Amino acid sequence: MTLATLLLIAAGLIGVGVYGALSQQSFVMIMMGFELIINGVLLAGVAFWALATAGEPRGQVLVIVGLLVMAIEAAMGFALVVNVYRARGADTTEGIDSMSH
Amino acid sequence: MNPETSLWTDLAFWAFGLAAVWYGWRVFRTDSMVRATFALLASFLNVGAIMVLLLAEYLGTALFFMMAVEMAVMAIFMVAFMMNPAGLNPMQMVHQHRFAIVAGAATFAGLAGLGFAVDFPDRPLIIAADTIQQLGFELMGSSMLVMQSIGVTLLATMIGAVVLSSKWGRYGDSDAGSVPPSLDPEQREEDRS
Chain A
2 MTLATLLLIA AGLIGVGVYG ALSQQSFVMI MMGFELIING VLLAGVAFWA LATAGEPRGQ
62 VLVIVGLLVM AIEAAMGFAL VVNVYRARGA DTTEGIDSMS H
Chain B
521 MNPETSLWTD LAFWAFGLAA VWYGWRVFRT DSMVRATFAL LASFLNVGAI MVLLLAEYLG
581 TALFFMMAVE MAVMAIFMVA FMMNPAGLNP MQMVHQHRFA IVAGAATFAG LAGLGFAVDF
641 PDRPLIIAAD TIQQLGFELM GSSMLVMQSI GVTLLATMIG AVVLSSKWGR YGDSDAGSVP
701 PSLDPEQREE DRS
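Residue numbers (the numbering used here), protein chains in the order written: chain A, 2 to 102; chain B, 521 to 713.
If you're looking for bench data, these hints aren't it; they were derived computationally from the structure. As the structure is a computational prediction, the values presented were derived from the model and not from experiment. Here a beta-carbon is modelled for each residue, glycine too, at the ideal position from N, C-alpha and C. A few of these clues could be false.
To be verified - Coverage of chain A stretches by chain B, computed from C-beta distances (three or more under 8 Å per stretch; other residues unrestricted):
hint, segment
1, 3 to 12
2, 31 to 42
3, 58 to 65
4, 73 to 82
5, 86 to 99
Bound-form chain A, shown alone:
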């Protein structure tokens, strides 16, 4: 378990997440792609904190901010899914063709 191998796993998670976010049609599946990207970022953050900063406490605080980003992504994502479904009856990206009202 070295920094490079940890970053390798994190890169794998981010790569799968990028694939999912770009390839999926369903809004909720796109959100899953985003979550996987953030998952990899969190792992990389903890890896740097543990192996490159000698356990600097502010590193953990930075990872907590990453958790915050994930919580916001999930909450606002679900709210937007509900909103778009009510306004347009759409649950896939192909179902909407404009961002306006």
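Dock chain B against the given chain A, drawing on the hints supplied.
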């Protein structure tokens, strides 16, 4: 315990790490939407386990609990919004598939290459450091402003989520009287007044 020492730690790391990536991959490969949600949960749990191996016990445990709840909510959304929650029919709902594969592979190759090529500082965690206590003192001490900002941001998120998702406002439909913004600035002023 130094996170870099024992053979068992190494074996556990590779088991958790490969499982995390494999379950992440399964998310986009399974027909069942509920199964996809739980595959994502498994991926998060494995990452949380790696965090615990790295002695970030608080963050790893927080990830366990946070993701268990979030994925339960996501499973409900999947059943509510997707046409094939149980995966009884094979389905493939993708677009720009080849581009997505290339982009994902390029991201992986770039980031992994960066991890091996760059000479990051090698300063492992101090042995037997009480990381949870350090985090607690940091959060209640010099990083308190960060924690307070997180709290206010989460409050704003809650309000925003309710505003976006509620059907009724206090005085009727939540989108009553709402008009698309005009591209003409003068018209926009009129709409506002």
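Verification of the supplied hints:
1. 3 to 12: holds (count 10)
2. 31 to 42: Since 6 is at least three, the answer is holds.
3. 58 to 65: Contact hint for the segment 58 to 65 of chain A vs chain B: holds, 6 residues under 8 Å.
4. 73 to 82: holds (count 8)
5. 86 to 99: holds (count 7)
Comparing the model with each earlier hint shows no violations; every hint is respected.
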